[in-house]
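Construct the entire structure; sequences and hints are all you get.
For the protein sequence lines, the chains are A and B, in the order given.
Under my numbering, the first residue of the first sequence is numbered 1, with each subsequent residue one higher.
Under my numbering, the first residue of the second sequence is numbered 1, with each subsequent residue one higher.
To be clear, the hints were calculated from the coordinates, so they are not data collected in a lab.
Even for Gly, the Cβ is constructed at its ideal location relative to N, Cα and C.
There are no misleading hints in this set.
Rough simulated footprint, nothing fancy, chain B against chain A, three-plus residues with beta-carbon under 8 Å:
hint : region
1    : 15-22
2    : 144-152
3    : 260-273
4    : 283-289
5    : 292-298
Short, incomplete list of chain B residues facing chain A, as computed with Cβ under 8 Å:
hint : residue
6    : Ser134
7    : Ser137
8    : Thr147
9    : Tyr227
10   : Pro257
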Amino acid sequence: MSAFLLNRFSQSIVLLVIVSIIGFTVLNFMPGGPLAQFGLDPGMTQKDIARLAEQLGLNRPLWLQYLDWAWRLIQGDWGHSFRDGSSVLAVIGRHLLATLLLMGTSTALAIAVGTWIGIRGATHRYSLFDYCATICAMVALSVPTFWFGLIGIYIFTLKLGWVPAGNMYTIGDGSVMDYLHHLILPSLVLSLVHVAIWSRYMRTATLDALSQDFVKTARAKGVSERRILLKHVVGNALLPMITLAGMQLPSILTGALVTETVFTWPGMGRLFLDSLGYSDYPVVMGLLIFSAILVVLGNLIADIVIAIVDPRIRLG
Amino acid sequence: MTAIAAHLPPTRWWHSRAVYRFMRHHLALVGIAMITLLVLACTIGPYALPYDSLHIDLRARFAPPLSGHHYFGTDPLGRDLAARLLMAGRVSLLVGFSAMLLSTLIGTLVGVTAGYRGGWIGAALMRVVDGFLSYPSIFLVLALAATLRPSPVMITVIIAVTSWMETARIVEAEVRSLREREFVQAARMVGLSRRHIMFREVLPNAMGPIIVAASLAVARAILLEAYISFLGYGIQPPLPSWGNMLNGAQQYLASAPWLAIIPGAAITIAVTSFNFIGDGLRDALDVRNDHF
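What follows is the structure, encoded as C-alpha cells:
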C-alpha cells in the first residue's frame, strides 16, 4: 500500500508541476503582462512602468520568473486582487463553499439517478427502457447546460413559479429550507450531463459484473436474482465508478461555471467570469490554477479510495 | 489463400462491412440526415429568406414566431431570427468543424509520436496531455479568449488548442499496440525511415479510432463555442453564432422566450447529430467501446 501511495503521490506532484507550467504560459499571454492595469493610469509614465518591471523582476529570464512564481504559489502567496486588493486565496475561499455545495448536490443526484438507470438498463438489456435511456443519454450529452438552465427557469420559475430563478438564498431569510429551495434547479441542471455519463458507464460495468464467474456460481447455488444484484453485482460495478467520479471533475467544474452564471450562484465560476470582466488577472490566474489543482487532488483521492476499497489495485 | 481471394469479386469500399454496419445504425443515419439538412439550410437558406440577418427594423421588435414572414420571430433590434439562425449556423458549424480538424491534427501528431517513439519522449508528451486535461476546458478557453482578440479564427485555434488531448490519448494507445505488430517490424527490417513507418504504415491502421474521435470532437467544439459565445467571450456580434444569439436571451426570457429556445434547439440538434454519427462510426469501425 505504501509503495502504491508513494508512486501515486509522486505522479501527482509531477502533474502539478506540468499544470503550473501550462498556467504560467497562459499568464504570459495576458496583454501587457502583470503591469497592464497601470498602463491606463495617467499618473504613471512609461519610465515608472519600466522601473516597476525592474523592481518586480519582470525583465528576468522566463524560467527564473517561473520558479519565483511557483515558489510563491507553494507558500500560499497567490497575489492580490486588482479589484479590492484582498489576497487571491481569500477571494477564492469566499466562493469555494458555494461551488462545492452545488457540485456536491448535483454529483450526489447524478450518482443516485445514474446508478439506478444504469443497473436497470443492464438487467433489462435491449428493452424499451434501455433503448430510451440510451437515446436520452446521448441527447442529454448534447444539450448545452446554459440552455437547459434557461428552459428550466422558463418552466419552473416563470410559468409554474415553483423555484427562484437565481441566487443562493433570499436576503433576510437564509434558513436551510431557503438554501435548498434555491439549490434544486441549478443542481438538477448541472447533474443532467452527469446522469447521462454515469448511467452509461454504470450499465457497462453492471453488464461486466453480471458476466463474471461468481455470478454464475451464485446462481448455481440458487441465490435469488435480487440478492445477486444487490450483494454481488452492484458493489463490483460501483468500484470503477469511483475512478469515473474523479475523471469527471473537470467537466463538473465546467458545468458549474456555466450553471453559476445562469443562476447567479455566488461560486467560483461566477467569480471567474466577474474577474474576467474586470480584467482582474490575479484572480483569473488563481482560479485557473486552483481548478486544475482541485482536479489533480480529486483524482488522487479517487485513486486512494479505490485502492483502499479494492485490494487488487494496490497489489497489482 | 491467394487462390481463394482471386475468385472473389473485387471489393469496393461501399461494400465493406464497416459501411454495411454503419447503414444499419439508425441513429447515425438520423444524424447524417439532420446534419445534411442543417448544412443545406445554412448555406442556401439565407438567400431564400425575405430578410437579411443584419437588417434592423425597430418597428418589428420582439415579433413572436410565425408573425408575418418572420418564421422564428425577431430579436430586440427587430432582426429576423430565422435569418440570423442560419447565418449563425454557418459560423458555428464552420468553427466547430475547423476546430475539429486542427485538434485532430495536433492530437494525431502528438499521439503517433508519443506512441511510436515511446521512452522518455512518449512519457513526457503524455504527461503534458495529462496536464492539459487537468484544466476544466472552459476555464482555459475563457482565460485565453478574454486575453487574445476573439476573432472567429482565434476562437477556432483556442478551442483546438484546448481539446486535442482526447485524440492524442486514443491515438497513442492505438499506435503503442500497433508498434509491436509484424508489418511494422517488417517495415523496420526493410529499412524504411521512422517517419515513413509512423505516418505511412502505422497511422493508416489507426484511422478508425481517429475518425470516431473526430466526429465526437466536432460535437464538443460546437458546444464549447456555444458556451464561450454565450458567456460573451466567443464570436463577437454583429457576427451571429448560435452561442452569442443566446447571450442576451436570459433577460428577455419572460417576454420573448423564443430568443432562448430556438438557438439552443439548433445547438442541441447539431451536437446530438454529431454524437449519433460518432456512435455509429464507433460501431461500424469496431472501435473499443468505452462510453456506450
